[in-house]
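Could you slot chain U onto chain R? The hints should help.
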Amino acid sequence: MNSTYKIADLGPVRPPRFFQRIFSVWLRHVRVYTKHLISNGFPPFVEPLMFLAGIGLGLGSYVGLIEGKTYIMFLASGIIVPSAMFTATYECTFGSFIRLEFDKVYDGMISASLTVKDMFIGEILFAGTKGFFFSGAVLTVVACFGLVESGMAVFTPFIGFITGMMFAALALLVTSFVKNINHFNFFFTGLITPMFFFSGIVFPLDNLPELARWLAAVFPLMHAVRLVRAFFFNSFDPGLLFNLAYMIIFTVLFGSMAIRRLTRRIVN
Amino acid sequence: MRLQMKKKTSGSEIMKELAITAKNVHKTYGNLTAVNNLSFEVPRGVCFGFLGPNGAGKTTMMKMLFGKAERDHSQGGEVSVFGYDPKKNALEIKYFTGIVSQEDNLDQELSVIQNLMIYSKFYALPGKQARHFIKNVLAFMELSDKKDFQIRQLSGGMKRRLLIARALINNPKLLILDEPTTGLDPQVRHVIWDKLRDLKKQGVTILLTTHYMEEAFQICDDLIIMNKGEKVMQGPPARLIDKHIETYVLELLHTGGKAFNATDGVRAEFMNSRMLLYADDFEKIKQISDQFKAGDFILRQSNLEDVFLKITGRKLHE
Chain R
1 MNSTYKIADL GPVRPPRFFQ RIFSVWLRHV RVYTKHLISN GFPPFVEPLM FLAGIGLGLG
61 SYVGLIEGKT YIMFLASGII VPSAMFTATY ECTFGSFIRL EFDKVYDGMI SASLTVKDMF
121 IGEILFAGTK GFFFSGAVLT VVACFGLVES GMAVFTPFIG FITGMMFAAL ALLVTSFVKN
181 INHFNFFFTG LITPMFFFSG IVFPLDNLPE LARWLAAVFP LMHAVRLVRA FFFNSFDPGL
241 LFNLAYMIIF TVLFGSMAIR RLTRRIVN
Chain U
1001 MRLQMKKKTS GSEIMKELAI TAKNVHKTYG NLTAVNNLSF EVPRGVCFGF LGPNGAGKTT
1061 MMKMLFGKAE RDHSQGGEVS VFGYDPKKNA LEIKYFTGIV SQEDNLDQEL SVIQNLMIYS
1121 KFYALPGKQA RHFIKNVLAF MELSDKKDFQ IRQLSGGMKR RLLIARALIN NPKLLILDEP
1181 TTGLDPQVRH VIWDKLRDLK KQGVTILLTT HYMEEAFQIC DDLIIMNKGE KVMQGPPARL
1241 IDKHIETYVL ELLHTGGKAF NATDGVRAEF MNSRMLLYAD DFEKIKQISD QFKAGDFILR
1301 QSNLEDVFLK ITGRKLHE
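Here the protein sequences line up with chains R and U, keeping their order. At position 168 of the first sequence the residue is numbered 168 (my numbering), and the sequence of numbers has no breaks. The number in my numbering is simply the position in the second sequence, starting from 1, with 1000 added.
Because the hints were derived from the structure by calculation, they are not lab data. All values derive from a computational prediction rather than experimental measurement. Hints should not be assumed to be uniformly reliable.
What the hints assert, rightly or not - Facing chain R, from chain U, some residues (calculated, C-beta under 10 Å):
| id | residue |
| --- | --- |
| 1 | G1045 |
| 2 | F1048 |
| 3 | D1104 |
As the list claims (entries may be wrong) - Here are the computed lysine to any residue pairs in the SDA-like style, where the Cα-Cα straight-line distance is at most 20 Å:
| id | chain 1 | residue 1 | chain 2 | residue 2 |
| --- | --- | --- | --- | --- |
| 4 | R | K69 | R | D237 |
| 5 | U | K1023 | R | Y5 |
| 6 | R | K117 | R | Y5 |
| 7 | U | K1087 | R | V13 |
| 8 | R | K69 | R | F145 |
| 9 | R | K6 | U | S1111 |
| 10 | R | K104 | U | S1111 |
| 11 | U | K1146 | U | R1197 |
| 12 | U | K1016 | U | H1026 |
| 13 | U | K1228 | R | K6 |
| 14 | R | K104 | U | G1156 |
| 15 | U | K1088 | R | D237 |
| 16 | U | K1087 | R | V267 |
| 17 | U | K1159 | U | K1195 |
| 18 | R | K104 | U | Q1150 |
| 19 | U | K1088 | R | R14 |
| 20 | U | K1286 | U | I1298 |
| 21 | U | K1087 | R | I266 |
| 22 | R | K6 | U | S1080 |
| 23 | U | K1088 | R | G11 |
| 24 | U | K1173 | U | R1197 |
| 25 | U | K1016 | R | N185 |
| 26 | U | K1195 | U | Q1150 |
| 27 | R | K104 | U | G1157 |
| 28 | U | K1088 | U | H1026 |
| 29 | U | K1173 | R | P12 |
| 30 | U | K1284 | U | N1272 |
| 31 | R | K104 | U | Q1102 |
No residue lacks a Cβ here, since even glycine has one placed at the ideal position from N, Cα and C.
So here's chain U without its partners, still in its complex pose:
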């Protein structure tokens, strides 16, 4: 885990600054448990991810950090965002936080620049400073030439970039993004990832939810995998892969349901007509693949998606 080293108090002691702490957080909607006894800590200046299938409770947890949802009173639980409890001080939290929600909630009735001007007023930024900031955030998100566009003239990727630009207008210390790249093309996704890495370098603590494993792997220093409102595992992406899944995967595409006798050190999993073989020993798995002709198999390194599917199961969650 990348920690921000603020000061070394002694030779062996590192001062770790925490941006967010959550302890035993619960949230229920009627009979539905959205978040169940979730605890985590986010060090300052890292990119922290929440990974999970739809309905895992990721968005609900994000909302509870800035008062858009309220955690259950009855079961105790504590949340602190830079020392502020969202139940009491949501306004303070929102003042130093940029929030990009899943849904596009730009003001359809205003142009790009007007959207940002009005938003700057919500933070009571003086006009001159606001214009300066707006110019910067538009340039940063590569939207300067779109400033006079109406919202409906923007593509999905532009809207998303504008939402991020809007969230940056108050020069936030914390950025919360709920599925920032869902539904976007690969170019936009990579641009957004680059921008998030840039912001992290500038010291912004970033929290994001995603169900793209690639995204989590690319930009998260640390992540939680959630399922059914609970934390299933936590750690840096590379370590999770290392720890929870074999290094190599052989996907046999057309076994026709025919079982393959797995040898020692090879784990087999079935998925409809496909078969997946996992092993740490490359030679072993290579030998198996030699029995098939090219195009009938894929031999690759395991990734976060393999971990994710192993943990949360391969069945649909909704």
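Chain R with its partners taken away, still in its complex shape:
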């Protein structure tokens, strides 16, 4: 008896489109985040409150005008965006590492019709969304203090969105190297914390030595702070385009390096 062989044909196979896949990943993160909305949504409102009351009012009374603004105004405009940096960085360091190594969430996800690339683009977008929400929360608190002068300030959360994506890309690249979760401490104390202090948030950079000013310009957060202040005070200059370009190029560059390295770690 002869038998002939042929590859079984399933007919057309049409996996979800790119945007549907990205959206589904984003939705997974939103679901997990909003599951504990009270405990997750609380800190972004409380932290700026303490900052403004403690440092702004307390320290501010000893400080004169900065760039023609009172210190509390200078500080209020500065603290809108670092919250986006911190939340995105935590999400894509500790959060991503736990998903990668401990909970194996990524393995579960790529067993469905998703690629590793989909997974991390979705994650970067989610970090951006968190950045939007966190800077929006800070803006709300700042507004409650009566510190918002210009209506253009409502656009600052969009800078928070880009900031979140930018730091998610950086954090994922760091995560792709990390084998032990404690190593993130080096990243936080070595880069993220100094970035907060040297990006013109709590004090202006003009009086710093030349070298420190150059260093601050390399720090991605400084560019976000400049953009946020421009919207907050409704005063724009052409240099801001450079700041925006820096953030976008940084995100794309670091994001694609991170995805390439993480792909090699997940697909072996």
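Chain U alone, transformed into the frame defined by chain R:
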């Protein structure tokens, strides 16, 4: 081998549909050869098993079918899963495949039902259809009353059933399971075997790895025994036993290292203080057992485990 007969083109010709073909597949990790020149074919609608000790390359081979691992470029080799090459079309393959990995990778932060809802989104199932499918897969895996549980509240057996339920959500044509019953109690194991038989009846092609001989014997139509990345033998479980090992085994439990003079037609093997005698002739082996008192010996039919140990050796592999 059970073949799915699609259509008879002539009186003597059977059209055999293949779900998977692998030709000369290699995979190395540094100096370690995980899979060495492996070739096999899986007809559509069968349950196909990969049997082997830890480190035999079973999991690696599974992973190479859906792009979780990449086969070596340098040594050629071809893989086709329903006509798709996992190197290029992993996304398509995953769209019609359900994958149950060895490790539990459920989303710990979501409940049972949320796990399934989110997973249905990865396949872009519309909400109404998703809810309908989820209800079905939960009922099928007997988890309907656990739908609002958190993952950490589930036992190992429930988690495994949920992983299978999750893999069924896209109504897969192919189901890949990596050690689906390792570490589970006998009840759960039997339930899972029943479900897999059910799925096979529905036309799902099933691929599984296991080191439980019983499991392979119970549900596999065809299987490969692997050792050190290579295929050692292939065939339906019953035929492998038939072909590679004597029908009966007499295990002498306390020989105290004392050798027993094997007679013609009886093969002897030593294992520490135990001695195993194999023979096709029941009478012959029965006569030997009569010399011992009850409790000192076990007389039984040979099974897949005997074949497996004969082929892969009795020493530890790691």
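### Task
Hints the structure violates: just list their numbers, smallest first.
Those not satisfied are hints 2, 6, 9, 11, 12, 13, 15, 25, 26 and 30.
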